[in-house]
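Participant: If you want the building blocks of each chain, they are given just below.
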Amino acid sequence: MFRTRFLHHTLLAAGLSLSLLTTPAAHARSEASVAVSALPVASLVGASAAVSAVTTVPLALSAGGAVLVVKTVELSAQGTVWVLERLSDGARASVRLSSRAAGATSVGVGTLVTVSLTGAGVLLSAAGQVLAFIPNAMGEALLANEQVTR
Amino acid sequence: MKLRPIVVALMLAASAGAAQAGQSCEQKPLTPQALQRGLELALQTQAALDAAHQRDGTRVVVLARAGQDLSAHGLRHSHLGWAYRWPDGTWRVLHKLNDCGTAQGQLYRQGLGVFFLDDLWRHEAAWVVPAAELQAPLHAALSAGERPLRVHQPAYSMVSYAWGTRFQQSNQWALEALAAMLEPGVTATTNAREPAQAWLRFKGYQPTRLTVRPLQRLGARVGTAHIAFDDHPNELRFSDRIDTVTVDSVFAWMAASGLSGPVQTLALPATN
Numbered sequence: 001m002f003r004t005r006f007l008h009h010t011l012l013a014a015g016l017s018l019s020l021l022t023t024p025a026a027h028a029r030s031e032a033s034v035a036v037s038a039l040p041v042a043s044l045v046g047a048s049a050a051v052s053a054v055t056t057v058p059l060a061l062s063a064g065g066a067v068l069v070v071k072t073v074e075l076s077a078q079g080t081v082w083v084l085e086r087l088s089d090g091a092r093a094s095v096r097l098s099s100r101a102a103g104a105t106s107v108g109v110g111t112l113v114t115v116s117l118t119g120a121g122v123l124l125s126a127a128g129q130v131l132a133f134i135p136n137a138m139g140e141a142l143l144a145n146e147q148v149t150r
Numbered sequence: 001m002k003l004r005p006i007v008v009a010l011m012l013a014a015s016a017g018a019a020q021a022g023q024s025c026e027q028k029p030l031t032p033q034a035l036q037r038g039l040e041l042a043l044q045t046q047a048a049l050d051a052a053h054q055r056d057g058t059r060v061v062v063l064a065r066a067g068q069d070l071s072a073h074g075l076r077h078s079h080l081g082w083a084y085r086w087p088d089g090t091w092r093v094l095h096k097l098n099d100c101g102t103a104q105g106q107l108y109r110q111g112l113g114v115f116f117l118d119d120l121w122r123h124e125a126a127w128v129v130p131a132a133e134l135q136a137p138l139h140a141a142l143s144a145g146e147r148p149l150r151v152h153q154p155a156y157s158m159v160s161y162a163w164g165t166r167f168q169q170s171n172q173w174a175l176e177a178l179a180a181m182l183e184p185g186v187t188a189t190t191n192a193r194e195p196a197q198a199w200l201r202f203k204g205y206q207p208t209r210l211t212v213r214p215l216q217r218l219g220a221r222v223g224t225a226h227i228a229f230d231d232h233p234n235e236l237r238f239s240d241r242i243d244t245v246t247v248d249s250v251f252a253w254m255a256a257s258g259l260s261g262p263v264q265t266l267a268l269p270a271t272n
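Protein sequence lines, in the order shown, are assigned to chains W and X. With the working numbering, letter number 35 in the first sequence gets 35, and the count goes up by one each step, no holes. With the working numbering, letter number 173 in the second sequence gets 173, and the count goes up by one each step, no holes.
In short, the hints are calculated from the structure, not lab data. The beta-carbon is built from N, C-alpha and C at its ideal position, and this holds for glycine as well. Mixed in with the good hints there might be a few duds.
What follows is a set of in silico ranges between Cβ atoms, one per label pair, in the way DEER data are often shown [to be verified]: (1) 106/W <-> 86/X: 35 to 45 Å; (2) 236/X <-> 75/W: 27 to 37 Å; (3) 128/W <-> 137/X: 43 to 53 Å.
Assemble the whole structure, with the sequences as input and the hints as a guide.
Facilitator: Structure below.
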């Protein structure tokens, strides 16, 4: 089973952030890694770590543009599990998010979720926001995040 | 609405510090488009680096992103790190990040996706490939990890003086790490930053000289923990000159001195 992670570091890249000095405050671009901190990384329930991630993507999540409905939401100490059902054919998949990741979104039974496929994994979104990202093996490497000094 | 810098400086100076500091640390909802573009840039960069590895054995590059619009300063990229090939054939970037809302910075080892999943100004990667004879020592030093860490200074200011040791911004760490990895004498001393900077001077590195007016200094300094100007020499600071390490100056110097090849870029098409 894939490890559920939530990249929660809120960081500023310590690069040159001269926007504070030169650009309108309303347009200021920071180097904050807010996108990463806001990325709810999820895992598939029932997927085997012994098999490559690509082959374990269930049918319900295998086609970009598909729309799924949230059938159940289960809360547990390990996080939140959504059972999703594809509208077109009823194919189902279960996705687990960490407690913190799930807390960032408000997903209830009946929420419609859109599937997008990327080279790094499966993206679930609703109403213009990312609900969950399920990385494949490539995505796991791209999202590696380790603090080296403290 | 386009405001003149002096107006912005006054706005910043007049605003509560916490609000300004908070703005740069603001948690924004991640859009599917932003995630897809960041990952796409990471995947294309990885493919380009893999191709370089296949072609000539490249295992280390100095990698930059464009998180800021610095065109007013004649600069194209804002932040750099050391990207190197991992044992499993993927790539990691060792770089320095400022802990949000503080005057501290730490080193992180991240995948290319994390590196580019920022609120980028422009989805463009840029890198230089260190010379062939430097690839093995740099890769060994990055993999072992100890030597680049010797020049890390947690005290952080994003416009730190290039030849000072009181603060250290991220590009400055990356540049000093180059000295630490290539010159054995640098890490033989207690304070490795001083000999690292001496080596960089000897090798002809020149920081970018920025013009920062007093009101801009004041505006940026008030309430922002991660910006300081008092490490700069008075004769420069009070004549509105700030010498600091930039991506563009590092790339230009490395290419001109033969430490690397020319700058290579990879950009995603702009979207509306």
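Participant: Failing hints, ascending?
Facilitator: 2
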